[in-house]
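K.L.:
Each residue of the sequence shown is one higher than the one before, counting from 0 in numbering that gives the first Met the number 0.
Keep in mind that the hints were calculated from the coordinates and are not lab data.
Do not rely on the hints blindly, as some may be mistaken.
What the hints assert, rightly or not - Derived CB-CB ranges, DEER-like:
1. K104 x S369: 24 to 34 Å
2. A85 x E60: 50 to 60 Å
3. L183 x P35: 20 to 30 Å
4. T217 x T378: 22 to 32 Å
5. D376 x P117: 28 to 38 Å
6. A135 x N301: 39 to 49 Å
Given the structure is predicted, the values throughout are model-derived calculations rather than measurements.
Built from N, CA and C at the ideal position, the CB exists for glycine as well.
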Amino acid sequence: MIRSSTRLPILLCSVLSGCGISDETEVEAPAGAPLPGATTYESEQFILGQALFNRAFTPEEGLGPLFNQVSCSSCHDLPTSGGHGAEPVTKVSDFDERSGCNLLKEDGGDLLQASVVPALRTAGILPERIPASATAVTELRAPALYGIGLVEAIEDDDILAQADPDDQDGDGISGRPGLGAQGLPGRFGSKAQHATLSEFIENAIRGEMGLTTPDHPTEEMPNGLPLAEGSDPVPEPEIETSDLTLLRAYIGFLAQPPRRTLDNPEDQAASGEGEGIFESIGCANCHTPTFVTGNNQSAALNRKSFRIYSDLLLHDMGPELADICAPGASPAEWRTARLVGLYLRSEFLHDGRARSIRDAILMHGGEAESARYRFQDLTPELQQSVLLFLRTL
């Protein structure tokens, strides 16, 4: 079934003209730009946060002693600051059907840090290696952050309304919410393991840059081993709440990139046809085209309709895509990827293994297998129409 619970209010409001819901283009701007409608203060916070996002930290400022990159933009720089990244990060886990997901905290955690500060290397401690206890290893590509402030502004109930964990409607799709902090439905991370931007940001700067925070003042241990004395001279926390607030302002007010414009009338017609086919063959059952944000104190985020092409739920994608697990998510379960800004990417799926959109579709299994078969049953011309549509997103 097409889960249209988030689109019904838009339809009703278009008829009644009384709900104050925006057009999708109102939240769009060139990649890397702030949301239209941001106040002067919000724009100032955005600029300050962007500077911090692009700042290269040093060990004397708290970097490390274990880290992957020296700045946030080192992972999110394509095609602009705040975009996706080409450099993979290695994640590991151990999964057992009875005991569930083990993030291997005793071996240093599920994220491997590929670099160490000079003081740690002098002490003979090298970058982390894949622990013997890991039963799954993957290399994740950093996603683009454009528009994720809008994602955070979606009401929890609107996400939960799309869930059908027991497949009660019998359509073969059993999406369920991920598990974020405090039991809130997750919406960020490849396993929908983070519920809020603050949670998402803290996890990233601690894991990727080794910066401790007021809520998490403890350093990561290299493969679970103690740190060498003197390798971490900066007092904890190494980044203050005010800095986290600025990072959140920057990331939270990044606008969505607009759809790519097709100049050729024949391409425009084919893309429009492809959009209809995308829905009719079942892709939109999980890649929900639009959501509407809830009431928000920021006018730039308040009651905004926006393109997302995701239901933000976990789905079993089959054994070929199965690797790591997360709390509340099995190895084969992945959060439906947002397709916004798809034309800006050259690698697809969580680990970048697909080098074309077509390849990514053909690797869909599990709950998406039926939609994949329906795509394969299309004529070559109709397949190209679907691909042309997707390349405009």
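K.L.:
All the hints need checking, so say for each whether the structure fits it.
P.N.:
Each hint, compared with the structure:
In this structure the supplied range 24 to 34 Å is violated for K104 paired with S369, their Cβ-Cβ distance being about 38 Å. The hinted window of 50 to 60 Å between A85 and E60 is violated, with their beta carbons roughly 25 Å apart. For the hinted restraint 20 to 30 Å between L183 and P35, the CB-CB distance of approximately 28 Å keeps it satisfied. The hint said 22 to 32 Å for the Cβ distance between T217 and T378, and at roughly 58 Å that hint is violated.
As the Cβ distance of D376 to P117 is approximately 58 Å, the hint placing it in 28 to 38 Å is violated. Range check, A135 to N301: about 41 Å between beta-carbon atoms, so the 39 to 49 Å window is met.
Violated hints, in rising order: 1, 2, 4, 5; the structure is consistent with all others.
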